[in-house]
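Trainee: Sequence:
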Amino acid sequence: MLNFIQVGILDLLDIFLVAVLLYEVYRLIKGSIAINLFIGISIIYFIWKLVVVLHMELLSEILGAFIGIGFIALLIVFQPEIRQFLLFFGSPAFLESTPKRLRFLFGKINRIESTLDVDKVIMAVRHLADTKTGALIVLTKKHDLRQVIDTGDKFTSEISADLIENIFFKNSPLHDGALIIRENKIVAARCILPLTKNKRIDTQLGLRHRAAVGITEQTDALAIVVSEETGEISFSKKGIMINQVAAHQLRSLLEEEFIS
20 MLNFIQVGIL
30 DLLDIFLVAV
40 LLYEVYRLIK
50 GSIAINLFIG
60 ISIIYFIWKL
70 VVVLHMELLS
80 EILGAFIGIG
90 FIALLIVFQP
100 EIRQFLLFFG
110 SPAFLESTPK
120 RLRFLFGKIN
130 RIESTLDVDK
140 VIMAVRHLAD
150 TKTGALIVLT
160 KKHDLRQVID
170 TGDKFTSEIS
180 ADLIENIFFK
190 NSPLHDGALI
200 IRENKIVAAR
210 CILPLTKNKR
220 IDTQLGLRHR
230 AAVGITEQTD
240 ALAIVVSEET
250 GEISFSKKGI
260 MINQVAAHQL
270 RSLLEEEFIS
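The sequence shown lines up with residues 20 to 279 when you count with our numbering.
Because the hints were derived from the structure by calculation, they are not lab data.
Note that the coordinates shown come from a computational prediction; the quantities given were computed from them, not determined experimentally.
Among the hints, erroneous ones may be present.
PhoX-like mimics (lysine-lysine), calculated; alpha carbons at most 20 Å apart, straight line [what the hints assert, rightly or not]:
| # | residue 1 | residue 2 |
| --- | --- | --- |
| 1 | K204 | K139 |
| 2 | K151 | K189 |
| 3 | K204 | K161 |
Turn these sequences into a full structure, and let the hints steer you where they fit.
Mentor: What follows is the structure, encoded as structure tokens:
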């Protein structure tokens with residue numbers, strides 16, 4: 020009577036892989052309008068499966084047709100997210116971190132990211148915001164951003180709040196472009212970043228914000244933007260831009276990413 024409940028190793032593996040896939044999709048679109056669409060579509064899909072099991076033929080056909088047509092619509096609506104998803108899985112960062120991700124899932128390690136002198140970064144960002152000095156700071160993680168660094172002026176220096184502020188000073192020759200911090204050192208300034216092609220990004224956002232979203236779409240880097248018009252701090256991760264971030268909130272976000 021309970022034969023249909025039999026579960027094998029392949030069934031467990033199937034459930035595990037689907038759970039990992041759904042989790043990565045959720046992480047990718049969390050905080051954007053796409054999460055609402057994702058939840059809505061998931062609900063419709065589960066309702067469709069339920070009515071199929073209950074043999075509700077008419078409703079099953081209607082929802083089945085909707086799901087079939089909706090799949091093509093999803094490819095259009097979620098084009099930026101799908102592109103970001105594929106870039107993420109094909110990136111060296113994902114391939115290098117996969118063993119560590121598995122160890123993290125099984126409780127073998129706590130954190131897998133490098134360290135960062137958060138205090139000095141926060142101090143610099145706070146001063147830049149107070150003086151309404153435009154800035155774009157990129158913090159690398161597993162992806163070394165070598166190609167991006169090659170577009171700017173390369174040097175190596177310890178992180179210093181004063182140095183960061185001087186780089187973005189309006190009369191500084193290095194103030195345009197992005198500052199790159201890698202392995203707790205400033206490694207380049209005036210770097211050119213790829214701009215996002217996501218058409219759902221607020222059209223009022225400037226080039227710094229679009230560049231911050233672009234670099235975090237294509238790599239695992241994080242980006243901090245200070246608006247020169249309002250002094251507002253923004254934070255971008257995985258192509259998701261968080262605006263109006265207070266200094267203490269930014270500290271929490273960075274500590275969450277870079278605690279050893």
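Trainee: Taking the hints in turn, state whether each one holds.
Mentor: Hints, one by one, checked against the model:
1. Distance hint between K204 and K139 is fulfilled; the C-alpha atoms sit about 11 Å from each other, no more than 20 Å.
2. Proximity of K151 to K189 is assessed by CA-CA distance (about 10 Å); at most 20 Å being required, the pair is judged to hold.
3. For the given pair, K204 sits about 15 Å from K161 by alpha-carbon distance, which is consistent with the 20 Å threshold.
The earlier numbered hints are all upheld by this structure, with none contradicted.
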